[in-house]
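K.L.:
Between the sequences and the hints, there should be enough to build the whole structure, so can you do that?
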Amino acid sequence: MKKTLIIGASTNPARYSFLAANRLVNHGHPVVLLGLKAGQIAGNEILTGKPDLKDIDTVTLYIGPQHQAEWYDYTIALHPKRVIFNPGTENPEFEQLLTQNGIIAEEACTLVLLSINSY
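Each number in this note's numbering corresponds to the 1-based position in the sequence shown with 1 added.
The hints are simulated quantities; they were obtained by calculation from the structure and are not laboratory data. For each residue, glycine too, the CB sits at the ideal point set by N, CA and C. Hints should not be assumed to be uniformly reliable.
[As the list claims (entries may be wrong)] The calculated DSS-like cross-link candidates involving lysine-lysine, where the alpha carbons are at most 27 Å apart (straight line), are:
no. : residue 1 : residue 2
1   : K38       : K51
2   : K51       : K4
3   : K38       : K3
4   : K51       : K82
5   : K82       : K3
6   : K3        : K51
7   : K38       : K55
8   : K55       : K3
9   : K82       : K4
10  : K55       : K4
11  : K38       : K4
12  : K82       : K55
[As the list claims (entries may be wrong)] Derived CB-CB ranges, DEER-like:
no. : residue 1 : residue 2 : range
13  : A70       : I105      : 14 to 22 Å
14  : V26       : Q97       : 15 to 23 Å
15  : A70       : I117      : 26 to 34 Å
16  : K51       : N118      : 18 to 26 Å
17  : K4        : C110      : 31 to 39 Å
18  : D58       : S116      : 18 to 26 Å
19  : I117      : K82       : 18 to 26 Å
20  : L37       : I117      : 26 to 34 Å
21  : Y73       : A109      : 17 to 25 Å
22  : L20       : L48       : 15 to 23 Å
23  : E71       : G29       : 13 to 21 Å
P.N.:
Next comes the structure, spelled out in structure tokens:
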């Protein structure tokens with residue numbers, strides 16, 4: 002199972018980050034949730050800020066490119082195997098930085114990857 006960090010987690014059931022958190026948990030993947038506001042999704046607390054995390058396999062983004070620059074260094078320092086840029090989060094600058102640091106930058110949809118067993 003791939004420990005996944007969701008950046009942009011929200012308790013709003015209409016948000017894709019909420020759906021992704023639930024589906025990841027349902028598929029047996031441990032999740033860490035980061036959001037603007039504390040809360041809970043699928044039994045997991047939404048953390049705020051930039052906590053010290055270990056053993057993150059995948060980061061999946063639910064924040065737009067205009068808000069990503071503040072997350073560049075933090076994400077790279079986590080040394081994930083990959084970062085998923087969900088639809089609307091694509092960012093060539095960030096993708097290039099990740100690639101230069103040996104991290105796979107993948108433009109994909111977490112929900113689709115889970116639904117076709119390609120996560």
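K.L.:
Would you list, in rising numerical order, the hints stated earlier that this structure does not obey?
P.N.:
Hints 14, 16, 17 and 23 not satisfied by this model.
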